[in-house]
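*Asks:* So the chains spell out like this:
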Amino acid sequence: MITCAEARELLLQADRSELRGGSGSTLGLHLATCDHCRARAARILAAEQALADTLLGARPRHTAPEALRRASARPARRFPALRRAIPLAAAALLAGLLIVRRAGPPLPRALPAPAGDARNLTVAAPPGRSLALLNTANPDVVVVWFFPKEQP
Amino acid sequence: MPLTQAKELDDVVAPLLRRAQAGDAAARDELLGHCHATVYRWAVMHTGDADDAEDVAQEVLVRLDRSLGSYSGRARFTTWLYQVTRNASVGFGRRIASRLRLARGFARERSAIAPPAEDPVARLQESHIGRLVTGLFRRLPAKQREVFYLADIEGLGPQETAERLGMNPVTARAHLFRARRALRTWILEEHPEVAEER
Chain A
43 MITCAEAREL LLQADRSELR GGSGSTLGLH LATCDHCRAR AARILAAEQA LADTLLGARP
103 RHTAPEALRR ASARPARRFP ALRRAIPLAA AALLAGLLIV RRAGPPLPRA LPAPAGDARN
163 LTVAAPPGRS LALLNTANPD VVVVWFFPKE QP
Chain B
10 MPLTQAKELD DVVAPLLRRA QAGDAAARDE LLGHCHATVY RWAVMHTGDA DDAEDVAQEV
70 LVRLDRSLGS YSGRARFTTW LYQVTRNASV GFGRRIASRL RLARGFARER SAIAPPAEDP
130 VARLQESHIG RLVTGLFRRL PAKQREVFYL ADIEGLGPQE TAERLGMNPV TARAHLFRAR
190 RALRTWILEE HPEVAEER
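Chains as they are written, first to last, in my numbering: chain A, 43 to 194; chain B, 10 to 207.
Bound-form chain A, shown alone (with noise of 0.2 Å):
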């Protein structure tokens, strides 16, 4: 014998035939003398044979020629190879612009000389550094430009 908490574990997987007390397991035996679990298992049994018929009383609107007549009557889809290449190209070109951004930002080819009072500054660049004084129009202004060594 097994007790109602335990009948009600088993309750939630039993095979419906079980559930039914048809069979002679321990469920079953159970459910033949308490009426409280056989009034859960009959509200299990009434919503599943519920769900049954919905599901399989589901019927399509049209019939097979009717349905295949429609399909052939929707539009293809056109080039559908392209609608598969054009993502891989858009990937393929933002992954080609991260790769040049990584090799960080292009280095003028030739540096305007300093001129003016840049000239008359002694500015000292960090290790692996370059530098470069440049005027501006401003005489009090003086920009200083540290950029990475170019590498051999």
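These aren't lab readings, by the way, just hints derived from the structure by calculation.
The C-beta atom is built at its ideal place from N, Cα and C for all residues, glycine as well.
Some clues are possibly wrong.
Computed far set for chain B versus chain A, every beta-carbon distance over 10 Å [what the hints assert, rightly or not]:
#: 1; residue: D20
#: 2; residue: L26
#: 3; residue: R28
#: 4; residue: D33
#: 5; residue: A36
#: 6; residue: V53
#: 7; residue: G78
#: 8; residue: S79
#: 9; residue: G82
#: 10; residue: N96
#: 11; residue: R103
#: 12; residue: A151
#: 13; residue: G175
Among chain B residues calculated to face chain A with C-beta under 10 Å, some are [stated by the list, open to error]:
#: 14; residue: E17
#: 15; residue: G42
#: 16; residue: H43
#: 17; residue: C44
#: 18; residue: L70
#: 19; residue: V71
#: 20; residue: G139
#: 21; residue: F146
#: 22; residue: P150
#: 23; residue: D161
#: 24; residue: E172
#: 25; residue: L185
#: 26; residue: F186
#: 27; residue: I196
#: 28; residue: L197
#: 29; residue: P201
Chain B: place on chain A using the hints.
*Replies:* What follows is chain B alone, placed relative to chain A:
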């Protein structure tokens, strides 16, 4: 055309299949007619929507019509047809996923603006037990839903259920137990009224 249950479909289509593969158009039409309702029900189970299921069923009929000649007979016909339907449903789901996301976003915005009016007819329909339990069924994960449908709704045995889904019978059984446990717990805890309504 009478409703052909999935379990009987193999027996019904076997003679038609040979004739259809030999080029008999009438046999092909009859075969497609027998498959249509079953394919539609499977599509309803997969998509959870009657209109989407119509589209999937149409697509499967077209594929079936085109590829009948390539069916080798190595697997059971219903197993093969189930796979075709399943693939079509998955493909359909992917195609509409982005559209659905957009629609849901729009619906959320709209409901935030104006709350939906109470519709007594809709509420009556909502309270119908079949709709309630179908709603719970759709909450199951896809694998559990498929196993539960094939084993407990269509009544396939454990071996045939596992074969149709291409999975180990022990795994199929585990999915079935999980599905039953989840569905029955929801029925008992969330909808105590379902038994009284029947």
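*Asks:* Does each hint hold? Answer for all of them.
*Replies:* Right, here's what the structure says about each hint:
For D20 of chain B, the non-interface assignment is confirmed: its Cβ lies about 18 Å from the closest Cβ of chain A, beyond the 10 Å cut-off. Every beta carbon of chain A lies more than 10 Å from that of L26 of chain B, the smallest distance being close to 15 Å; the non-interface claim holds. Distance check for R28 of chain B against chain A: the nearest CB is about 16 Å away, which clears 10 Å, and the non-interface claim stands. A cut-off of 10 Å between C-beta atoms confirms that D33 of chain B is not in contact with chain A; the least separation is 16 Å.
Against chain A, the non-interface label of A36 of chain B holds: every CB pair exceeds 10 Å, the least being about 13 Å. For V53 of chain B, the non-interface assignment is contradicted: its Cβ lies about 5 Å from the closest Cβ of chain A, within the 10 Å cut-off. Consistency note on G78 of chain B: stated as away from chain A, and its beta-carbon is indeed over 10 Å from all of that chain's, at 17 Å minimum. At roughly 18 Å, the least C-beta separation between S79 of chain B and chain A is larger than 10 Å, which holds for a residue marked as non-interface.
For G82 of chain B, the requirement that its beta carbon stay farther than 10 Å from each beta carbon of chain A is met, with the minimum near 22 Å. Non-interface status of N96 of chain B relative to chain A is upheld: no Cβ of that chain comes within 10 Å, the nearest being about 16 Å off. Here R103 of chain B stays apart from chain A, with its beta-carbon at least about 13 Å from theirs, past the 10 Å limit. Distance check for A151 of chain B against chain A: the nearest CB is about 15 Å away, which clears 10 Å, and the non-interface claim stands.
The beta carbon of G175 of chain B sits about 22 Å from the closest Cβ of chain A, which is more than 10 Å, so the claim that it is off the interface holds. For E17 of chain B, the interface hint is violated, the least distance from its beta-carbon to any beta-carbon of chain A being 13 Å, above 10 Å. Checking G42 of chain B against chain A: minimum C-beta separation of about 4 Å stays under 10 Å; hint holds. Of the supplied interface hints, the one on H43 of chain B holds, with its beta-carbon coming within about 8 Å of a beta-carbon of chain A, less than 10 Å.
Hint status for C44 of chain B: holds, given a least beta-carbon distance of 8 Å to chain A, under 10 Å. A cut of 10 Å between beta carbons decides the hint on L70 of chain B: the least distance to chain A is about 5 Å, and the hint holds. With a least beta-carbon distance of about 5 Å to chain A, the hint placing V71 of chain B at the interface is held under the 10 Å criterion. Because the smallest distance between the Cβ of G139 of chain B and any Cβ of chain A comes to about 4 Å, under 10 Å, the interface hint for this residue holds.
Taken as an interface hint, F146 of chain B checks out: its beta carbon lies about 6 Å from the nearest beta carbon of chain A, inside 10 Å. Look at P150 of chain B: its Cβ only gets to about 16 Å from chain A, farther than 10 Å, so that hint breaks. The beta carbon of D161 of chain B comes within 7 Å of a beta carbon in chain A, closer than 10 Å, and the hint placing it at the interface holds. For E172 of chain B, the shortest C-beta to C-beta distance to chain A is roughly 19 Å, which exceeds 10 Å, and the interface hint is violated.
For the restraint placing L185 of chain B at the interface with chain A, the shortest Cβ-Cβ distance is roughly 8 Å, inside the 10 Å limit, so the hint holds. Here the hint on F186 of chain B is kept, as its CB sits about 5 Å from the closest CB of chain A, short of 10 Å. The criterion of a C-beta within 10 Å of any C-beta in chain A is met by I196 of chain B, whose closest approach is roughly 5 Å, and the hint holds. With 10 Å as the threshold, the beta carbon of L197 of chain B comes within range of chain A, its nearest partner Cβ sitting at about 7 Å, so the hint holds.
A least Cβ separation of about 8 Å between P201 of chain B and chain A falls short of the 10 Å threshold, and the interface hint therefore holds.
Comparing the model with each earlier hint shows violations of hints 6, 14, 22 and 24; every other hint is respected.
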